[in-house]
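*Asks:* On the provided structure of chain A, position chain B as indicated by the hints.
Quick note, the sequences are listed as chains A and B, same order. The first sequence begins at 66 in this note's numbering and counts up by one. The second sequence begins at 66 in this note's numbering and counts up by one.
What the hints contain is simulated information worked out from the structure, not anything from laboratory work. Possibly wrong hints are sitting among the right ones.
Put simply, identical chains are the same to the list, so a pair is met inside one copy or across any two.
When the alpha-carbon atoms are kept at most 30 Å apart in a straight line, the in silico DSSO-like pairs for lysine-lysine are as follows [to be verified]:
no., residue 1, residue 2
1, K586, K620
2, K396, K263
3, K207, K420
There are 2 protein chains.
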Amino acid sequence: MSFYLHDIPLSAAQTRFEQALQSAELDHILGSETIPLDENALGRVLAEPVWARLSSPHYHASAMDGFAVRARDTDGASLTAPISLQVGEQAQYVNTGDALPAWANAVIMIEQTEPLDAKGRLSAEVRAPHAIRIRAAVPPWKHVRALGEDMVAGELVLPTGHTLRPVDLGAIAGCGHDTVSVARRPRVAILPTGSELKPIGAPVAAGDIIEYNALVLAAQVRDWGGEPTRFPITPDNREAIRARVLEAAQEHDLILLNAGSSAGSEDFSAEIIRELGDLLVHGVAVRPGHPVILGLISHQLSAISLSPFVPIIGVPGYPVSAAMTGEIFVKPLLHRWLGKAIDQPQTIEATLTRKLASPSGDDDYVRVAVGRVGDRVLAAPLQRGAGVISSLVRADGIVIVPRGAQGHPAGAAVRVNLLRDSAEIDRTIFAVGSHDMTLDLLAQFLAQRNRRLTSANVGSLGGLVALRRGHAHFAGSHLLDPETGTYNTSYLPRYLPDTPVQLVTLVGRQQGLIIRSNNPKRIMSLSDLVRPDVRFVNRQRGAGTRVLLDYELEKDGISAETISGYEQEEYTHLAVAAAVASGRADCGLGIAAAAQALDLDFVPLFEERYDLVIAAAYAHSDLLAPLFDVLADADFRHAVGQLPGYDVSAMGTVVPLS
Amino acid sequence: MSFYLHDIPLSAAQTRFEQALQSAELDHILGSETIPLDENALGRVLAEPVWARLSSPHYHASAMDGFAVRARDTDGASLTAPISLQVGEQAQYVNTGDALPAWANAVIMIEQTEPLDAKGRLSAEVRAPHAIRIRAAVPPWKHVRALGEDMVAGELVLPTGHTLRPVDLGAIAGCGHDTVSVARRPRVAILPTGSELKPIGAPVAAGDIIEYNALVLAAQVRDWGGEPTRFPITPDNREAIRARVLEAAQEHDLILLNAGSSAGSEDFSAEIIRELGDLLVHGVAVRPGHPVILGLISHQLSAISLSPFVPIIGVPGYPVSAAMTGEIFVKPLLHRWLGKAIDQPQTIEATLTRKLASPSGDDDYVRVAVGRVGDRVLAAPLQRGAGVISSLVRADGIVIVPRGAQGHPAGAAVRVNLLRDSAEIDRTIFAVGSHDMTLDLLAQFLAQRNRRLTSANVGSLGGLVALRRGHAHFAGSHLLDPETGTYNTSYLPRYLPDTPVQLVTLVGRQQGLIIRSNNPKRIMSLSDLVRPDVRFVNRQRGAGTRVLLDYELEKDGISAETISGYEQEEYTHLAVAAAVASGRADCGLGIAAAAQALDLDFVPLFEERYDLVIAAAYAHSDLLAPLFDVLADADFRHAVGQLPGYDVSAMGTVVPLS
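Bound conformation, chain A alone (with noise of 0.2 Å):
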């Protein structure tokens, strides 16, 4: 049962607008300015056509230091036969870019000429002597720049809708004008309203949200080309949105009204919409961002538009809906209204890392990181929350799962619209595998190297699977072999038993309790997670962290069912110290950096080995050569160490493998 009964396809919705913006006579470029050709007019784009005004170069111009000749006068000049021209009739000094005497049409360079003097010595008055000798004919127009040779005028130098590069503005300079033409910048108001937003800074409690949609929809209104303002929060009050509405409207081409998050606001922005004009739209089958709603607004008068329309966008309040419904809705109308050429984005094929499953009623907007591991390319979808802005950040691709399909299994072969050049994708390690805070580091090191590093976390095990099917570089791994107690190297054998690896230590950590401040519980081991009062968190199945506690309550008998929170799974360190933080748990296993990054205490009780599994066949490659130039770097190993509970002795040692 979906909560907006009333959305609507993803096409249907920019058709109706579409359509609206038609009957408004919006649907065109806004108008036109004409601005000093300078460097504020880059980026901007081209209103009406350059046509060369005049031609360049505008004369005849010697493209070489040297003498200006009738190329006539030079017939028969050789070496056995040199010919002397005299200066001022049969020859011209010129430096390159001089005009040509009229009666010239051709340039003989200076050093292949011989000064003389009256009496036809040699003259050290190399640019104006009495004469030149010449041991060599030159054909007409030799070292001459013909008029016109770049542009001639009247001819088209650059179409309108064209966006203005450095080049562009030399050639547009050098074919005679000195301003341009270009479209006028959309202007639009950003309308954050919501009673719990609080603005970027200010200090915040629980159930205050920090209002940052509207920064991102500024900065993506001035990437596309437009001009944002953003307006202060407005609290969730009808007539006080309105009012906003209405002022917005005098000044502005578009209207961005963000709704808090909540549904009540959300049905103000529908109302007050339906009041002012015409509520075309409320809810599309698009994900993240159903609660979108398109609207036109009636008004009586604008200082800068000549429609009596202006259009709004109801933008979702969570942050990654309120982003893709900028690419989708707002950025091809910028594009519009600029006379903008619209490029398809970049695509690439890739192979999914695991099943997408995605409701059949949507156009599903899937974040991917992308990666290339040997051949091929693989995608592997982020974490699908509307409220996970990390996710857009962390993602390099969108893969569009269309309404009507049910998503895709692991391992199908997906398009991926590229948010990253391809060059970067690249440039990028692709880890997966167990987490670990060194890897945050590591990231930051490789990325003043010139890598990427995207990791996956998704355990230990998984990890090792990822390498199996080539889907990693490496994979970081802290697993435990109950039975001999040594870390990785047997599980090696049984999970990449074709895989060639490469294990190579990056740091010993200590693995302990992380408990709340002052520990008001008084815990103190293993055993004490068995008592009634206490509620641990623990880390999924397969990852290293659940491995050693599953060894470590057997060895002590311990049964997990006895453990109050023993099914609570999280997948990360930081994600079990947050459950802590939070009150949700009163202790989970981990490591101790993971606890101080949460003002937690830690209770050290036992020491672990985390390795990387490098597959082999990388492991000699360019892209992980600044991996291993990060492990030997004395800078890392003392950041590293400055984290809480890690033994860097053995840092970058190769373990070896029987």
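*Replies:* Okay, now just chain B, sitting in the frame of chain A:
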């Protein structure tokens, strides 16, 4: 023999510059600044990593409008055995985004609750009833966005060196920051020098050069993240230039000293740099760009830099050389100073449409037009001259012919560094053939339909050859068959025996004599061409106009040898007109529009048909569909009709082929 005897290979020049920057401690980020987190941060480069300060959400947040509950209180609820929860103690209304009460650990959507009044009857008070009745149990944490779901305090959000995009600003705000530490923008002084230079917009006489290199360099610097300062033009005066360099060194991180195009001014640059510091490189074996100078100026004091050195680059005067010097030397330096990761350019493999000769001593940067014709990507070399800025404007990519290589034969596979998105290449219509002014208008109209028209002018026969090789989507052609008096049709079986094509008329056009204003030599017909005082300028062999001329000369019994200038060939109508306008010739055969563009007179002699020969394989493609739309567009017909000497009555007519 080379004038720049001291040219050194590009790699050696880069190494020498690199080492000098290292010694001067100028090989890393220049400095950082903390700026407010607003839309002006867009495009800035992180000088420090962003670690999450707050978790996001920073509390357990309801993901729905509904009632916060304890999951265990709902155990056992089912359709037939509903459970009632007291509002206040067991249930509390929450909007999406609200914090859960400390005792709650799950949310039930409002649609799945039945509001009850104090007597247990259904209530109209949906958000604040006395109690709620539920008919399903909920697991813990259902519809809750747990603390840290998006970002966890202490986590790495973005690494140093990252260029900020709209969503990044949101993520940085969302994890508790209101400022961001970014690399200081390098300040770059741009000093145009040369007595022959005139500012953009000033009137120009022969010998004057419009100074736009500084504009191009300034726009490049801005594009690459620097802050440019354009200085006024300094004449070729050693002391004045020296003073400017010293002035610029005070407040800039880099000086670009743009010499006039003459060797003289370049010598000043080298002398001044030698005098004020260290002349590292004078002349680099790269084309275009030879006379590049690299140096370091020592200076006493700087308001902005801690280094007592300011790098200086002597930029050659030719515009293509200047822009390429920016790409090769300035861009990597600015990226280095910003701490930005350097992405390799996007490359594509392409087939050369014609032979590419290259001097073996230089790294040769050849501008090419790139188009995709069927399965094949084609690269057509553009004009090579260092003064032809329009070649950079038209360029879709660069082919680097490395030092030591002598070029490539036609048909060779070359790697192209793309200057445009490959999506832009995919919407490019690649035309090869005869030139006509209406093609400029066609390009303009196609641009409005999201197509780019790239046309290589090689004459009508050259176009047919390109079609045969699969090197063009269409060819413009006006080939007269002297035997039948028809246009184009009889040539097709001969030149394109195996290539099905469609023949569509673009225009009928007058051909005639382009002559100087007021026709001082009274040239009225072809018979005047043989007069000794008349100098003719011809079109190249293979051009339709040339075929027409030869046909008419033959008919009139005029021998080509008797025409002075018959052997002078130009490749376009406008180039013929420019030759007449400049006085290089008295007349040429061409079209009326070309004469009008340069204010020349025109004596109409013949009317001919100009057709588009369209490869049948693409005639019905999406790519070419807009071409047919334009041919049927009344606005286009009107615009062409405005050009003198055109007949648009047959526009778009498909010519039957026997």
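*Asks:* Against each hint, give a clear statement of whether it holds in the structure.
*Replies:* Hints and how they fare:
In this assembly of identical chains, the alpha carbons of K586 and K620 lie at most 30 Å apart only when taken from the same copy (24 Å versus 112 Å across copies). Within a single copy, K396 and K263 get their C-alpha atoms as close as 27 Å, which meets the 30 Å cut-off; across copies the closest is 40 Å, which misses it. Taking identical chains as interchangeable, the C-alpha atoms of K207 and K420 lie at most 30 Å apart only when they sit on different chains, with a minimum of 22 Å there against 68 Å within one chain.
In the structure shown, no violation is registered for any of the earlier numbered hints.
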